[in-house]
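Residues per chain, in single letters:
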Amino acid sequence: MKILTQHINEPGIETFDVYRKHGGYTAVEKAIKSMTPDEVVEEVKKSGVRGRGGAGFPMGMKWSFLAKPEGVPRYLVCNADESEPGTFKDHYLMKSIPHLLIEGMIVSSYALGANKSFIYVRGELLYVIAILEKAIAEAKAKGFLGKNILGSGYDLELVVQPGGGAYICGEETALLESLEGKRGNPRNKPPFPAVKGLYQCPTVVNNVESISNTPWIINNGGEAYAALGVGRSTGTKLISASGHIRKPGVYEIVLGVPVEEFIYSDEYCGGIRDGHYLKALVAGGSSVPILPANLITTTANNEPRLMTYESLSDGGFATGTMLGSGGFIVFDETACIVKNTLNFAHFYRHESCGQCSPCREGTGWMEKILYRIENGRGTQADIDLLVDVSRKIEGNTICPLGDAAAWPVASAIRHFRHEFEWHISHPEEATRPGAVYPTEAVLN
Amino acid sequence: MSTQTTDIKFTPENLEKAHEIIARYPEGKQKSALIPLLHLVQKQWGWVSPEAMDYVAEMLSIESIEVYEVATFYTMFHLEPVGKHVIEYCRTGPCCLMGGEKVYDHLKQRLGVQTGQTTPDGMFTLKEVECLAACGWGPVFQIREKYYMNLTCDKVDEIIDELSK
Ligand SMILES: Cc1cc2nc3c(=O)[nH]c(=O)nc-3n(C[C@H](O)[C@H](O)[C@H](O)COP(=O)(O)O)c2cc1C
Ligand code: SF4
Ligand code: FES
Numbered sequence: 036m037k038i039l040t041q042h043i044n045e046p047g048i049e050t051f052d053v054y055r056k057h058g059g060y061t062a063v064e065k066a067i068k069s070m071t072p073d074e075v076v077e078e079v080k081k082s083g084v085r086g087r088g089g090a091g092f093p094m095g096m097k098w099s100f101l102a103k104p105e106g107v108p109r110y111l112v113c114n115a116d117e118s119e120p121g122t123f124k125d126h127y128l129m130k131s132i133p134h135l136l137i138e139g140m141i142v143s144s145y146a147l148g149a150n151k152s153f154i155y156v157r158g159e160l161l162y163v164i165a166i167l168e169k170a171i172a173e174a175k176a177k178g179f180l181g182k183n184i185l186g187s188g189y190d191l192e193l194v195v196q197p198g199g200g201a202y203i204c205g206e207e208t209a210l211l212e213s214l215e216g217k218r219g220n221p222r223n224k225p226p227f228p229a230v231k232g233l234y235q236c237p238t239v240v241n242n243v244e245s246i247s248n249t250p251w252i253i254n255n256g257g258e259a260y261a262a263l264g265v266g267r268s269t270g271t272k273l274i275s276a277s278g279h280i281r282k283p284g285v286y287e288i289v290l291g292v293p294v295e296e297f298i299y300s301d302e303y304c305g306g307i308r309d310g311h312y313l314k315a316l317v318a319g320g321s322s323v324p325i326l327p328a329n330l331i332t333t334t335a336n337n338e339p340r341l342m343t344y345e346s347l348s349d350g351g352f353a354t355g356t357m358l359g360s361g362g363f364i365v366f367d368e369t370a371c372i373v374k375n376t377l378n379f380a381h382f383y384r385h386e387s388c389g390q391c392s393p394c395r396e397g398t399g400w401m402e403k404i405l406y407r408i409e410n411g412r413g414t415q416a417d418i419d420l421l422v423d424v425s426r427k428i429e430g431n432t433i434c435p436l437g438d439a440a441a442w443p444v445a446s447a448i449r450h451f452r453h454e455f456e457w458h459i460s461h462p463e464e465a466t467r468p469g470a471v472y473p474t475e476a477v478l479n
Numbered sequence: 445m446s447t448q449t450t451d452i453k454f455t456p457e458n459l460e461k462a463h464e465i466i467a468r469y470p471e472g473k474q475k476s477a478l479i480p481l482l483h484l485v486q487k488q489w490g491w492v493s494p495e496a497m498d499y500v501a502e503m504l505s506i507e508s509i510e511v512y513e514v515a516t517f518y519t520m521f522h523l524e525p526v527g528k529h530v531i532e533y534c535r536t537g538p539c540c541l542m543g544g545e546k547v548y549d550h551l552k553q554r555l556g557v558q559t560g561q562t563t564p565d566g567m568f569t570l571k572e573v574e575c576l577a578a579c580g581w582g583p584v585f586q587i588r589e590k591y592y593m594n595l596t597c598d599k600v601d602e603i604i605d606e607l608s609k
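Same order as they appear, the protein sequences are chains A and B. Numbering of the first sequence is given in my numbering, commencing with residue 36 and proceeding in unit increments. Numbering of the second sequence is given in my numbering, commencing with residue 445 and proceeding in unit increments.
Wrong hints could be hidden among the right ones.
A few chain B positions that, by computed beta-carbon distances, are all more than 10 Å from chain A [said to hold, decoys possible]: (1) 458; (2) 468; (3) 482; (4) 559; (5) 581.
One-sided excerpt, in silico: chain B residues whose CB lies under 10 Å from chain A [claimed, not checked]: (6) 478; (7) 491; (8) 506; (9) 515; (10) 573.
Just so you know, the hints here were simulated from the structure itself, not pulled from any lab data. As the structure is a prediction and not an experimental result, all values here were calculated from the model. No residue lacks a Cβ here, since even glycine has one placed at the ideal position from N, Cα and C.
Whenever a hint applies, use it, and build me the whole structure from the sequences.
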């Protein structure tokens, strides 16, 4: 069952005509001609679809929080900043089938009563911006955008806005600051964007994939969407798979596929690359806790682990992780956990906006300690120091980037402490090029 | 190296584009055009000079400091002259797992420069960037608007040969 990618490989699907031939823009017709905005919101609520940007907040509920003061414009802003390491699904969707997002933006803007909506795309994807702008021009020429859409009296302009290369602008309030032409410093909440967002007006921020689900929901009904998946993990999810697998790429799964099937089936990742075996998994983008081999395909209770919000987080942070953005990074036994943790720590230090001291100082401190350990100059006390620093960042910052920086370090030590200890006790071996903790010896 | 930007004016084509961008935002919210205009500056001159920042400030009726603040925050803007081609390679975890380090080492050797440097002939500047949202198609680098994905050492040679012509 595919909702987003069903037609993605059709030749010419990036053009209006081919997209239309495959049922494109029927959701706009249906919504605008036969539904009130509130009825559209209601269907999205019924679908149970949760935000696909990482946090998994129910989309319909977010929409219903939008303040509607008289005479004040409301905005819909699509978050296409996609910068979470391991995540490349929005990039894939926008470059391959741009009209899907445009159609979703029209349906969603109509539901929210927005007459000007923005798609904030990470600046590096300038070529994707050109693709989106072309699609917008086509949709406008056909009367699906602009003034008086399909003769309904409803007006909508879509603006595609580039970022400038800053991971933090994926955080919704930093994104709004950036869209206002400022540095991407996250705002204190409350007020939430639903009350005071873009230009201090009520605003909804949703991820590309979230918005792209709305045409299908309108065409088929929220209940049909909710019938897919497991429990509160309804519908499908795009998973960006990378690392040591045979077939890296973007896969659309119905939520609930067993992790084991996702990794080993030829329909998805196709298994670990030849001659190697699974060592670790980061299931939802670099920010989520890393899992060791024994907790990937089964939970700590020995139940099969499923690709759902609930199953991936089963066991909490002690033995679970998170679905996050669906950035599925697979490590085989050649990967060095210490080195990878350092790599991620460097990322967060580089991307911290610097506003709060626990994040600004803490991310730099963690990187320094990890650098020391990776280069054979660490002490055993450094391991506990890392845990301590990560704890002091977590929960003490303006935005969740602090947590996102702390979790990968804390979880790597939780599950792979022996690798850190080995680096410290065997500095000569550990600093040889390509050196890895000798896992095989332990397993045999 | 890029030319000096003493005579700071957008080309007629870019000027038209600039006005079109500024008109996108609600009345009084023209500052929103800042990042798009900095991209336009970089497209025309290859980098963002102090003079160009002042020019943009004037165009948007904002203080120059507001432009400097933004230009220094966002890593895509080159605040110093760069080579003809800026190669920005992704150093982040997934690309390393996909074999990035070997490919990037080869790239450095081939160009004879380290990260952050420009080749003596002014053809290439090498920069290291974070995840480019192409992790499963890594290793990857970007040159201006173009992504080069699934890189191998041989592919790197071909690309450099082509661009050196
Ligand atoms: C540091 C940080 C980076 C984020 N990056 C992104 C991103 O690139 N794309 C995205 O959609 N959401 C990102 N988010 C989540 C957004 O803040 C927000 O929750 C999301 O855009 C809401 O859309 P959704 O409910 O449809 O997921 C990020 C959050 C944080 C804290
Ligand atoms: S947690 Fe980090 S990124 Fe977020 S506001 Fe504070 S310093 Fe900035
Ligand atoms: S890690 Fe290189 S593109 Fe994501």
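Verification of the supplied hints:
Under the 10 Å C-beta cut-off, the non-interface status given to residue 458/B relative to chain A holds; the minimum distance is some 15 Å. The non-interface label for residue 468/B is inconsistent with chain A: the shortest C-beta to C-beta separation is roughly 5 Å, within 10 Å. Consistency note on residue 482/B: stated as away from chain A, yet its beta-carbon is not over 10 Å from all of that chain's, at 7 Å minimum. Consistency note on residue 559/B: stated as away from chain A, and its beta-carbon is indeed over 10 Å from all of that chain's, at 13 Å minimum.
Residue placement check: residue 581/B does not keep its beta carbon more than 10 Å from all beta carbons of chain A (closest about 7 Å). Using the Cβ-Cβ criterion of 10 Å, the hint placing residue 478/B at the interface with chain A is satisfied: the shortest such distance is roughly 4 Å. For residue 491/B, the interface hint is violated, since its Cβ never comes within 10 Å of a Cβ in chain A; the closest pair sits about 14 Å apart. At its closest, the beta carbon of residue 506/B sits 8 Å from a beta carbon of chain A; the interface hint therefore holds under the 10 Å criterion.
Given the 10 Å rule on beta carbons, the hint for residue 515/B holds: about 8 Å separates it from the nearest Cβ of chain A. Interface restraint check: residue 573/B against chain A, minimum CB-CB distance 7 Å, threshold 10 Å, status holds.
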